[in-house]
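Asker: Residue strings, one per chain:
2 protein chains.
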Amino acid sequence: MTTTALFTDKYELTMLAAALRDGTAHRRTAFEVFARRLPDGRRYGVVAGTERFVEALQRFTFDEETLATLDFLDPATREYLADYRFSGDIDGYPEGSLYFPGSPVLSVCGTFAECVILETLALSVFNHDSAIASAAARMVSAAQGRQLIEMGSRRAHEEAAVAAARAAYLTGFAGTSNLEAQRRYGVPALGTSAHAFTLLHTTADGPDELAAFRAQVDALGVGTTLLVDTYDITAGVANAVAAAGPELGAVRIDSGDLGVLVRQVRDQLDGLGATGTRIVVSSDLDEYAIAELRGYPVDSYGVGTSVVTGSGAPTAGMVYKLVEVDGIPVAKRSSHKESHGGSKRTLRLAKPTGTIVEEVVHPADSPPPVPDGLVGQSVAVAIVRAGDVVADFDLAAARRRVADGLTSLPWDGLKLSRGEPAIPTRMVSVAP
Amino acid sequence: MTTTALFTDKYELTMLAAALRDGTAHRRTAFEVFARRLPDGRRYGVVAGTERFVEALQRFTFDEETLATLDFLDPATREYLADYRFSGDIDGYPEGSLYFPGSPVLSVCGTFAECVILETLALSVFNHDSAIASAAARMVSAAQGRQLIEMGSRRAHEEAAVAAARAAYLTGFAGTSNLEAQRRYGVPALGTSAHAFTLLHTTADGPDELAAFRAQVDALGVGTTLLVDTYDITAGVANAVAAAGPELGAVRIDSGDLGVLVRQVRDQLDGLGATGTRIVVSSDLDEYAIAELRGYPVDSYGVGTSVVTGSGAPTAGMVYKLVEVDGIPVAKRSSHKESHGGSKRTLRLAKPTGTIVEEVVHPADSPPPVPDGLVGQSVAVAIVRAGDVVADFDLAAARRRVADGLTSLPWDGLKLSRGEPAIPTRMVSVAP
Numbered sequence: 001m002t003t004t005a006l007f008t009d010k011y012e013l014t015m016l017a018a019a020l021r022d023g024t025a026h027r028r029t030a031f032e033v034f035a036r037r038l039p040d041g042r043r044y045g046v047v048a049g050t051e052r053f054v055e056a057l058q059r060f061t062f063d064e065e066t067l068a069t070l071d072f073l074d075p076a077t078r079e080y081l082a083d084y085r086f087s088g089d090i091d092g093y094p095e096g097s098l099y100f101p102g103s104p105v106l107s108v109c110g111t112f113a114e115c116v117i118l119e120t121l122a123l124s125v126f127n128h129d130s131a132i133a134s135a136a137a138r139m140v141s142a143a144q145g146r147q148l149i150e151m152g153s154r155r156a157h158e159e160a161a162v163a164a165a166r167a168a169y170l171t172g173f174a175g176t177s178n179l180e181a182q183r184r185y186g187v188p189a190l191g192t193s194a195h196a197f198t199l200l201h202t203t204a205d206g207p208d209e210l211a212a213f214r215a216q217v218d219a220l221g222v223g224t225t226l227l228v229d230t231y232d233i234t235a236g237v238a239n240a241v242a243a244a245g246p247e248l249g250a251v252r253i254d255s256g257d258l259g260v261l262v263r264q265v266r267d268q269l270d271g272l273g274a275t276g277t278r279i280v281v282s283s284d285l286d287e288y289a290i291a292e293l294r295g296y297p298v299d300s301y302g303v304g305t306s307v308v309t310g311s312g313a314p315t316a317g318m319v320y321k322l323v324e325v326d327g328i329p330v331a332k333r334s335s336h337k338e339s340h341g342g343s344k345r346t347l348r349l350a351k352p353t354g355t356i357v358e359e360v361v362h363p364a365d366s367p368p369p370v371p372d373g374l375v376g377q378s379v380a381v382a383i384v385r386a387g388d389v390v391a392d393f394d395l396a397a398a399r400r401r402v403a404d405g406l407t408s409l410p411w412d413g414l415k416l417s418r419g420e421p422a423i424p425t426r427m428v429s430v431a432p
Numbered sequence: 433m434t435t436t437a438l439f440t441d442k443y444e445l446t447m448l449a450a451a452l453r454d455g456t457a458h459r460r461t462a463f464e465v466f467a468r469r470l471p472d473g474r475r476y477g478v479v480a481g482t483e484r485f486v487e488a489l490q491r492f493t494f495d496e497e498t499l500a501t502l503d504f505l506d507p508a509t510r511e512y513l514a515d516y517r518f519s520g521d522i523d524g525y526p527e528g529s530l531y532f533p534g535s536p537v538l539s540v541c542g543t544f545a546e547c548v549i550l551e552t553l554a555l556s557v558f559n560h561d562s563a564i565a566s567a568a569a570r571m572v573s574a575a576q577g578r579q580l581i582e583m584g585s586r587r588a589h590e591e592a593a594v595a596a597a598r599a600a601y602l603t604g605f606a607g608t609s610n611l612e613a614q615r616r617y618g619v620p621a622l623g624t625s626a627h628a629f630t631l632l633h634t635t636a637d638g639p640d641e642l643a644a645f646r647a648q649v650d651a652l653g654v655g656t657t658l659l660v661d662t663y664d665i666t667a668g669v670a671n672a673v674a675a676a677g678p679e680l681g682a683v684r685i686d687s688g689d690l691g692v693l694v695r696q697v698r699d700q701l702d703g704l705g706a707t708g709t710r711i712v713v714s715s716d717l718d719e720y721a722i723a724e725l726r727g728y729p730v731d732s733y734g735v736g737t738s739v740v741t742g743s744g745a746p747t748a749g750m751v752y753k754l755v756e757v758d759g760i761p762v763a764k765r766s767s768h769k770e771s772h773g774g775s776k777r778t779l780r781l782a783k784p785t786g787t788i789v790e791e792v793v794h795p796a797d798s799p800p801p802v803p804d805g806l807v808g809q810s811v812a813v814a815i816v817r818a819g820d821v822v823a824d825f826d827l828a829a830a831r832r833r834v835a836d837g838l839t840s841l842p843w844d845g846l847k848l849s850r851g852e853p854a855i856p857t858r859m860v861s862v863a864p
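Same order as they appear, the protein sequences are chains F and E. 1 is the number of the first residue of the first sequence in my numbering; add one for each residue after it. 433 is the number of the first residue of the second sequence in my numbering; add one for each residue after it.
I should point out that these hints are in silico values taken from the structure, not numbers from a laboratory. It is possible that part of the hints are untrue.
Stated by the list, open to error - Under the rule of at most 20 Å between Cα atoms (straight-line distance), these lysine to aspartate or glutamate pairs were calculated in the EDC-like manner:
| no. | chain 1 | residue 1 | chain 2 | residue 2 |
| --- | --- | --- | --- | --- |
| 1 | E | Lys783 | E | Asp797 |
| 2 | E | Lys764 | F | Asp208 |
| 3 | E | Lys764 | F | Asp257 |
What you are looking at is a predicted structure, and each value in this text was computed from that prediction instead of being measured.
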């Protein structure tokens, strides 16, 4: 499917039909994407999905085949959709930016008709990608500079896995196991072998780990990573060095008490002269397990399930809300689902040292003054103007933005334990 | 992208390269998909993804453009992949079947080369779809026959959302908000309007809910569902009946203390003569909230986040393991990652009443005898033979299978609370 138009909830099109019929469809509106809160106990979120959303927006068109599936719509609505092309403006946080509760991550302005039907697509992309990036950034922070490899494709929907690999890379992971993420986004693909390869080298005489390792080294060179825990790890390490010599690239351990095993394996490798051989660990790692292993000689972490499922928070919980109609702020009046009317932008306040102190969300056309002694940075950038993409997207720049963002947090913002958002969000109302 | 070949972890192709080089690639193997355990405290799982996997398998081919992205492979491996087409056999649990820890949900037999490279694709599909189906079935069970509508697309990756809508429908949901799921799988699409539509009808004089409702009824008829909680719910219900008359199809409540509100709204509707108007509730519902509302006059539940994220278990945690090489059972020896060698099938034992009592997993070629007084059913069916699909796929049949499966559980298997699997799994070894 080349069009993205059907990644849409039916009610968006029935609302469109009703609004076209009574003429309200053409009112000027502003919609905003934001999260009312961070997942339980998280201290910051990381915006991801902007580039994917803009790419999908350009394919959000209704061709004849697509319209043929929408037989519940009246002719006027179908006619509107046949000509649909988003012609409004979009502003938003650059990918890799930190966000907090209430941060207007994306602002979409245009007629009600052209904006309302983007709800599901925008939220699907931002809720998924930002959930992954927000979890991944905690892992990057916990790894303190050690290498992280995303290898969770198998635990996620096959297309979500590709987006997850991109989101993890965006936050600072070194690469992914996923080949489509390499093809589509240039994320470095990494990986060598699994237990199946060792088990394959079983004959009527029994297992033959050494034959498996020799075959792998023969095909992939001594720089490869040998998986040493299929049978006995000590024998595995001995076989690995026997097959590759002391120039062996790395060994991987995928089970057991990793801390203890890593020390044993390091000693064994060093004793065999393989002092440059790196140790890769995997096996249901999450940010807490990564942090626990700080004191052990781990060189690289393979992270699977936890990163692709957002480590307990598989969706960022962002919403897409109508905040302004013909210049009038609007908001639902509902307990626990508070929203603030009016189109908004963000001024992020920091100390001169760079440590951020407050997220000030203000009416789009009236930024508040920056208090003395603080530095204010406007967070949002122009992304689309009159339907044309005006932002540059650059995964390398997004990676630097995440790194800078983590550096800018107050010290307790990097704690893995549950707590309040790292900085407060202050909503500044429209001046009376 | 029409090929699915790159939904693959790099290490599968590097293992393939090494196995082609040492000749082991052509050994006859059996791989199995199974879950070592159910998500924490679940009592059963529901298999979903079989049809999607088989469809993706038919597009698992390496065209020139795809091969061009695999420059880390040697020429022999690329040549093998250029001609790749799965030519082995696949057996598995029909979609909608219940599964338990150790159930061999899918068995893939063929050469190592042709089987090993399917790992990520198979697991991505089964882990995602079965996670959703397993959560959705608990909601279906909790709803006790009341209508469930899946409306979580916005909280999931845009493609995962389509598969999630299919998986929820497969377990007994009435339909989905997702239009692509309707187009692709024929899942009924449902839905009417959101708060944005009511808010849109704001003018300089203030909000005008009645105008919004009149516009919706005018466009969609009195059978529509009006969302009554944008401002005051009592006023909303009054406006709804004023706009549509007592023949109004339904009202939706999306916030607040749903139990209390539903009773109030029912009384109000009945007092206004709208005795046939149904009440739809939504707002972060999960299986527990659905069960809590049993005593209240709810007609329909809109379920979002919880169903598309597997209600706390976003992946089914299934693995794809090599279990047999040239007729020799093989297994990794690792604590907590136990697996059982040899190709396996399942006999599910039930009482004559239909209540299941045990999952007997046995060597593929030697089913054990059925104990006196019990009925034995072989669970797996042939899916692919020599590369050709031989199974029929039918979403309606899968829905009946889930319903039958839930009926077959022992009474405590339907409890929502945490507990042991509803029936034990017994692994029968190869006869000595």
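Asker: All hints, please: hold or fail.
Answerer: These are the hints, each one checked on the structure:
no.: 1; hint: E:Lys783 / E:Asp797; result: violated, 24 Å
no.: 2; hint: E:Lys764 / F:Asp208; result: holds, 13 Å
no.: 3; hint: E:Lys764 / F:Asp257; result: holds, 16 Å
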